[in-house]
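Chemist: Letter by letter, the chains look like this.
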Amino acid sequence: MRLPMFSLHVIFGLIVGFMGVLALAQALISGEVHRSHAYANQRLSMERLIHLKTGDLLAELARHAGELGASLQMAPAFQQAFESRDVAALRELMANQFHDYFVTTGVLNLEELAVFDSGFARVASLRGENSQFSSAIEACAPLIARARERGGPERMKLLSGLCRHDGQPYHAVILPIGGLQLKGYMIVVTDPVHNLARMEVTLGMPVSIGLPGGTSLYRAENWPNSAIPADVIVAEYILPDENGQPALRVAAVEDVRPLMGYLPRTRLVVMTVVALVTLAGIGLVLWVLRRTTLRPLRTLTGHLQQIRGNRALLGEKVEVGGGSEIRALADSFNGMSDELGKLYGSLETMAFTDALTGLPNRNRLQERLQHQFPPHRDDRAPFALLVMDLDRFKFINETLGHAAGDLLLTAVAARLAQALRSGTATSVGAGEREADFIARLGGDEFSVLLPGVSSAADASAVARRLTQAMETPFGIGEHQLRVDASIGIVLHPQHGANANDLMRRADVAMYQAKQTRAGYIVYDAGYDGNSLRRLALERDLREAVQDGQMVLYYQPKVDLRTGAVCGTEALVRWRHPELGMVPPDEFIALAEQTGLIHSLTTWVLDRAIQDCAAWRAQGSDVGVSVNLSAVSLHERDLCDGVRHVLERWHFDPAYLVLELTESAVMSDPERAIDVLGRLRQYGVGLSIDDFGTGYSSLAYVKRLPVTEIKVDRSFVRDVATDTGDASIVRAVVALARHRELAVVAEGVEDHDAYECLQDLGCGMAQGYFIARPMPAEAYMDWLAAGTWQPRQCSAAGGC
Amino acid sequence: MSLAARVAHTIVQWSLALAAGGVMTVAHAAETPEVSPMEIGGAVKVSAEEVFRLFEATPGLVIVDSRLANGPSSGRAQGFIEGSVSLPDTQTDCASLASAIPKKDTSALFYCNGPKCGRSARAIEVARACGYRKLYWFRGGFEEWREKGYPYVKH
Chain A
1 MRLPMFSLHV IFGLIVGFMG VLALAQALIS GEVHRSHAYA NQRLSMERLI HLKTGDLLAE
61 LARHAGELGA SLQMAPAFQQ AFESRDVAAL RELMANQFHD YFVTTGVLNL EELAVFDSGF
121 ARVASLRGEN SQFSSAIEAC APLIARARER GGPERMKLLS GLCRHDGQPY HAVILPIGGL
181 QLKGYMIVVT DPVHNLARME VTLGMPVSIG LPGGTSLYRA ENWPNSAIPA DVIVAEYILP
241 DENGQPALRV AAVEDVRPLM GYLPRTRLVV MTVVALVTLA GIGLVLWVLR RTTLRPLRTL
301 TGHLQQIRGN RALLGEKVEV GGGSEIRALA DSFNGMSDEL GKLYGSLETM AFTDALTGLP
361 NRNRLQERLQ HQFPPHRDDR APFALLVMDL DRFKFINETL GHAAGDLLLT AVAARLAQAL
421 RSGTATSVGA GEREADFIAR LGGDEFSVLL PGVSSAADAS AVARRLTQAM ETPFGIGEHQ
481 LRVDASIGIV LHPQHGANAN DLMRRADVAM YQAKQTRAGY IVYDAGYDGN SLRRLALERD
541 LREAVQDGQM VLYYQPKVDL RTGAVCGTEA LVRWRHPELG MVPPDEFIAL AEQTGLIHSL
601 TTWVLDRAIQ DCAAWRAQGS DVGVSVNLSA VSLHERDLCD GVRHVLERWH FDPAYLVLEL
661 TESAVMSDPE RAIDVLGRLR QYGVGLSIDD FGTGYSSLAY VKRLPVTEIK VDRSFVRDVA
721 TDTGDASIVR AVVALARHRE LAVVAEGVED HDAYECLQDL GCGMAQGYFI ARPMPAEAYM
781 DWLAAGTWQP RQCSAAGGC
Chain B
1 MSLAARVAHT IVQWSLALAA GGVMTVAHAA ETPEVSPMEI GGAVKVSAEE VFRLFEATPG
61 LVIVDSRLAN GPSSGRAQGF IEGSVSLPDT QTDCASLASA IPKKDTSALF YCNGPKCGRS
121 ARAIEVARAC GYRKLYWFRG GFEEWREKGY PYVKH
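One line per chain: the protein sequences are A and B, in this order. End of the first sequence = 799 in my numbering, gap-free, step of one. End of the second sequence = 155 in my numbering, gap-free, step of one.
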């Protein structure tokens, strides 16, 4: 059954009220039943009373009639007249009886007197003046018949009964004539109604006497007229005649108003009491209900609503009173709340913690960032946000496996956190500002929030500390991995007014740092364009390799001793249909990150060897150098790929030099040694590019099967004027000589440097001073023209 | 308690009960009115019905009413059997009997008020002593007569 949405209050009130109504109805009904029972009992006792009373009255009537008869026959005149059957005398004597004391005082209403002989033959009879029947024999034939049937002393007994004749009731008494010897019989017939009506006096009730058919023979003056009122009891008794047939109906009424008058009053009192008890019951039930159920329930509901508003309240115990069920409910509720509280706590931890590193995650960072933007602008404190990305993490993950990648990330996270902590502990005023905060954003991205840091210098100091922390290689399994990081820095409020802007711009600065290999960069509005360009490049790079947008430029290497052109470095350029010429700085890192470096390297190698083969076919005795990415070093099929290209163009491996940057080699020296060793077996020349920038371990360099060292342009540019640079170059040359390696100086831009390098014993040079990079055709022309003439060292120059 | 003591105790109790019963019996006899004996030697006891038969079968039957003529509530004045002669027991002796009953072998019926009335019994004893031989005793008396609805005379 579906109940409407009522409160418990209302429902219980209705139930108790309903029970109260039931109780009222029960009281009413039982009152009514009681009343009708009382009526019935009263009627029954009245009937019994009428029965007894009529019996008494009829017996009295019979006695009086008998006495009348006895007094008549006692007279000697009667005895004489009877003996002689003197009818006239008898009638005269009988007539006297109609004036008897009984008759005149109204004790008897005599109708007829008759005298019979002992055989019931009539001797004489005398009717009353008003008598309507012809003879007593006719009137009371059944009674006479009964008297006749008797024998012996029985015949001497007095016999009486009711008779009916023509609808009229009569009372007859048959008495013997003679005391001891039966001489005859005398019949005394009277009107019983007259005598029965006296009941009215003895009973004190109005009496009605009538025939069973309904004809009224007597009715008391105060008998209720017409309709019988409800509060009057009518009781009647039917008197039987001699044959047992109904002869008379005697009825009496009793006004029970005085008797029953108390009933309405009692009923009113009972109803009032029941109503009051019901009301008190409702009140009591509701009170108990409120104490045991409603109030505790309300407390529980209230607490539930509070929890909905504030989850932190989960697990807080609620104390309620009330019934055992309610307390059990509260216990269950507390238990569940406790469990949910713990669950919520762990969920929150899970939601805001990075599972791998244990650092807070991006969500937590977002939350912390939001905290930095309180609703009131005045409260906002400056802060710095750093976003950090590991360089080349993707290929580490791909080549060494995700397990190694995860190990690396964990180690990086630990080191970054440690670096940040140590910095915070030592920095001035650390106690005054909120703690620095590091989070892993996902993948190889980390972010650091520096509350209270307002200057670019302070933020950069932290960034520097972080990059420095990354310098020591990470020992992951058997590998020693060098991981560089690029960090973008934004400052609030200079670089953005909301968390999203700051995050995005920190990303932009980070990409800028990655492209420029600067380590860390503070955001500048100008970078935004760069980042758009970078997105476009990333989008177009894949098509670029296939569509032939890539071109190779060649820059010669000359022998510093002879001035002869002895080598060529192939440099890839991207001729973008919309952006024009794109320098390699911009897209090589992109290719490395997107995995396109493999196809790019393959293409460059193929084209460079093809071009070089063509030059050599035309008589130029030149080799070609091709740059390899650090990523290529980890490709399994690098060696096969190189051999395949060489075989394809029937190219002598001795004329091919593969260049690797120092940092690429040093990121995984063991692997480099292995791969380079195999390449060297084919006879391919190997060169270390940008030597001097990668913090190479000389011990490794000694073990590397390289044929050539290219001194980084940063040492070469000022070699003529900077003695420090000169001594470095000298040392490199000495090392190279000791190991019989060729030494190439990059970035030779002027004659002074050229000569100085000659003086330092450097083997080869490369740079704008000799020739700028140029397309293949132009380079072939340049070779054919033979225009290169090394100029003489100027007077001012010298090392 | 020893057996002898118990027996002695029981005997004492019985003795007390008997003594009390005797006292009660004496007291009862003193309070109750005179009750006629069930039978009287030398007289035939009859019922009301037998009175009729005796009357029919015995011509010359004398019916003697032994009650006082005007007793408080039990005298003859309240009614009597028709034909009876009034001879209260207090006046009954051989002389009065001789005036009422012609011969010694005349049948004579005595009655008084009823079983609780000792007058007829006493009268019969007197009559017997006087030598009357055919004596009938209606022990139920007038009370039985009226009770059974037989006619009686009243002055």
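Hints listed in this document are in silico derivations from the structure and should not be mistaken for laboratory results. Remember, it's a predicted structure, so these values are computed and weren't measured experimentally. A virtual CB, placed ideally from N, CA and C, is assigned to each residue, including glycine. Some clues are possibly wrong.
If you want a taste of the chain A side facing chain B, the calculated C-beta under 8 Å gives, among others [unchecked claim]:
1) Gly152
2) Leu158
3) Pro176
4) Gln181
Chemist: Decide, hint by hint, whether the structure agrees.
Modeler: Hints versus structure:
1. Gly152: Since chain B brings a Cβ to about 7 Å from Gly152(A), closer than 8 Å, the hint holds.
2. Leu158: Since chain B brings a Cβ to about 5 Å from Leu158(A), closer than 8 Å, the hint holds.
3. Pro176: Status holds, d = 6 Å.
4. Gln181: holds, 7 Å
Hint check: no violations occur; every hint is consistent with the structure.
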